[in-house]
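Number of protein chains: 2
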Amino acid sequence: MHVLPVLLSLLCLTACGDGGKVLVWPGEFSHWLNMKTILDGLVDRGHTVTIITHTATPSVATNSSKFNFEILPVPFTQEDLNKHFDEVLRYWMYDMAEDSFLGAAMKIKEIVDTGAEQNKVVCRALFSNKGLMEKLKQEHYEVMLIDPMWMCGDLLAQTLDVPFILTLRFTFGNAMERQCGQLPTPPSYVPGIGFEYTDQMDFAQRLKNFLFYLSQDILLHVMVKIKWDPFYTELAGKPTELCDVLSKADIWLIRTYWDFEYPRPLLPNFKFVGGLHCKPAKPLPEDMEEFVQNSGDDGIVVFSLGSMIKNLTMERANTIASALGQIPQKVIWRYSGVKPETLAPNTRLYDWLPQNDLLGHPKTKAFITHGGTNGLYEAIYHGVPMVGIPLFADQPDNLNHMKTKGAAVSLDFSKMESKDLVEALNTVINDPSYKESIMRLSRIHHDQPMKPLDEAVFWIEFVMRNKGAKHLRVQAHNLSWYQYHCLDVFTFLLAIVGLVIFIVVKSCCFCFRKCFGKSLSKKKTQ
Amino acid sequence: MHVLPVLLSLLCLTACGDGGKVLVWPGEFSHWLNMKTILDGLVDRGHTVTIITHTATPSVATNSSKFNFEILPVPFTQEDLNKHFDEVLRYWMYDMAEDSFLGAAMKIKEIVDTGAEQNKVVCRALFSNKGLMEKLKQEHYEVMLIDPMWMCGDLLAQTLDVPFILTLRFTFGNAMERQCGQLPTPPSYVPGIGFEYTDQMDFAQRLKNFLFYLSQDILLHVMVKIKWDPFYTELAGKPTELCDVLSKADIWLIRTYWDFEYPRPLLPNFKFVGGLHCKPAKPLPEDMEEFVQNSGDDGIVVFSLGSMIKNLTMERANTIASALGQIPQKVIWRYSGVKPETLAPNTRLYDWLPQNDLLGHPKTKAFITHGGTNGLYEAIYHGVPMVGIPLFADQPDNLNHMKTKGAAVSLDFSKMESKDLVEALNTVINDPSYKESIMRLSRIHHDQPMKPLDEAVFWIEFVMRNKGAKHLRVQAHNLSWYQYHCLDVFTFLLAIVGLVIFIVVKSCCFCFRKCFGKSLSKKKTQ
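These protein sequence lines are chains A and W, in that order.
Using my numbering, the first residue of the first sequence is number -4, and each one after it goes up by one.
Using my numbering, the first residue of the second sequence is number -4, and each one after it goes up by one.
The hints are simulated quantities; they were obtained by calculation from the structure and are not laboratory data.
Don't take each hint at face value.
Copies of the same chain look alike in the list, so a pair counts if it fits in one copy or across any two.
[What the hints assert, rightly or not] PhoX-like, lysine-lysine: derived pairs with alpha carbons at most 25 angstroms apart: (1) Lys222 <-> Lys104; (2) Lys446 <-> Lys462; (3) Lys334 <-> Lys78.
Please model the entire structure based on the sequences and the hints provided.
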């Protein structure tokens, strides 16, 4: 008798179990690692995944047989890109603190401009390749998965008329989520990304937060109007606005969850899937396991500044190594720079670490991290308290979340001394409140109705089955900003009130003149 | 090596699989039916459920051996309550349309006042029963499940220091969700419940919607300040505000989903679990199945105005029966009033219907419904287009959702003629767009990451495991309304701008006088 549910599951089997066609526009570095986990999940479910990348990609391993690739030729090389990123990192880590405000602003503008120019080269390589565009059109993809770290994926989806899903951690000041995604973000309790504020702000903080959002709105508006809208219009061959294209996203997959975020309003098509790459630890390589077991009851500390940091200045490396030598734990440090002179016997250097397996090891007492979202989620997953040494981008903000939630101590990379690092490590290892806090976050992370990766895959397949997710898209997209905030309604009501007051005052004056006018003029003439 | 996930699942097993203690403060009628589904789910999962009700409950079957009951003696009877509800219904169905605006407002105030007085009697019966209160305290319940159709459950939870979950469809104008739950509800695209608006409103509609929310805010504020805050203060024995108590709810379980709702902002602790009672159809009783099979290709129409409507006036009953006689389908009508004279042979009357099994029957072509949320969700679940005859409360709004989504035709009970009903039935049965629309909603309903009942049970158990869900509660609760809307920040910025303008103008005047003052005075003296 229950025909419908059976029919619907059959529908699902034919539409998705059979395997659909997914087109991917990925980001780089940690963005790619995160995206790859989703793509692996999709391939496991029988879908065909085609990735568009370019000849200079520093991250996407285009020799994988799991995925199909469309590789765009670009006039710069992987080395050029890496050099640019290294320069950016070096400036952020060492020079920015010494620079003037104006100097820093100019440098950041230069960095953003260079990035945008590289991005545009990739876009042009795609849209000018008529053969490839035609081929992509013929493939009739069912969904596009887009990391907006590189722009243009959204425009491609619109051109191919394929529903699309954005995957991101955030955009600066949440500007794109707010302006293009219509995500409500009350400045009174949703702190701007980049400030060391929590969701509890005093008046001065709320004031700064408000002005920050306003400045980001203006900045995005100006940047998009000058740099991107004309470019999108050129590529599309008709008037096209970037924010308008982005607003068509069916789902926004956000790379965090309520273990990390301060609770805030969301929309039905914003899905929080933080830590989707996390998994149980596997056994360590034999020699590493032996080193770890030799740590005894003191346990080990895992230390990594992420895949982008290859080396440090000798001064910074020595400061760190000397600190690590002063703690009773053994330390496993991912570092491929020159061996620091102060390196103590308790510390071992590795070019690469099985980070997730180490963080899941029962001997692990603390994690020294730059605060990238991926590593931070592995620490949450396995319940390891952190010492944060944030370097750039969202890392200070990420670690601020962990600090205010009581699970981390944060240090300033350019200013910290050995004793600061020793003190921070002793604090997170010996003060039980840090372990308790990270275990609380870990419980929240594990205690979800659905695993984050399963949820991400579910919504991707939902979009494939239903050719979008229009029932989750708010009508705010069709309102102007003043309509959205009811400013036209306010203005109308104010005008009505004004008119009523005007009529009342005028009527009173008229009556007053009628009644007392004559007697007054009589008095005057007397 | 993967110790933590194993530990966490063990933790879950000991904390919840073992069975926890749930205390319930239920509503009546359809509210109770919905709540009972959740409670059955909890009992199936091994939890012990204790329900607090009163001697006059018209809905809660207190002889069930599945649950424990605490039955409060009240000085009125089930008949008194039923009589009151009948009077309310009769006024709403027949007399309100004829009444003046002032008359209707006075009548509604009288109805609300009588309801509040009955509610307060139940509350007093609870809080004055020191023995029961002590017993409840000793039981150390892990969670309380509360339907705010009757108030005081929240105050009990606060008094017993038990985390609690609210389950509701809505409060009028979303006033409690907005004011006490901090649910963001932009009047520009979230239509007020009670208006025939969708999420696409023109200027006049947005204006009325804005004023509606404002009026509901004021009404709730006044009613709570006058009626409930003093009462809560009296019961609690210390200054207590209703909205403040309600705001402590860990989870708000909302009895709808995005198949029904227009997409709108939500908060992390608002979970949409509409249709949690829906399930596949079971075979019909033999004689009913035979009647249904005799309908041939034309199929059947299922007709129910809900459990609260026992009979109609003969005039209305005849109008309806005559219409039903004019369609080729067979009709199964839940009706226990006097048999209408115009009843045709294609229509059979029943005191009670296996409604879910009928709606899930492949022969069913349409559903004539009053538009209660439960029946409406069964129609969505099974994909049956509707003819709505809304009677009172949220029913017009519910059916408006279905109408605007293309899955129903709605009629005015007091004004409709036979031909209107015939036309409506023919439309939803023969115009394929209605079936397509309801099938679209049905797909959305079935295509969720988790079944609604499982999600409801998950969050109840989550609160039990974690003694609340504080990580989902926004800090907006700790802000005043002007702080929330940044009005203090605006005022400050305006003051700064005003001051700057004042200083500039004064400085200019001063300079002007300094420069030209002398020459001007010279000219004057000349």
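Now the hints, each set against the structure:
1. Lys222 <-> Lys104: within (13 angstroms within a copy, 59 angstroms between copies)
2. Lys446 <-> Lys462: both (24 angstroms within a copy, 22 angstroms between copies)
3. Lys334 <-> Lys78: within (22 angstroms within a copy, 87 angstroms between copies)
In terms of the numbered hints stated before, the structure departs from none.
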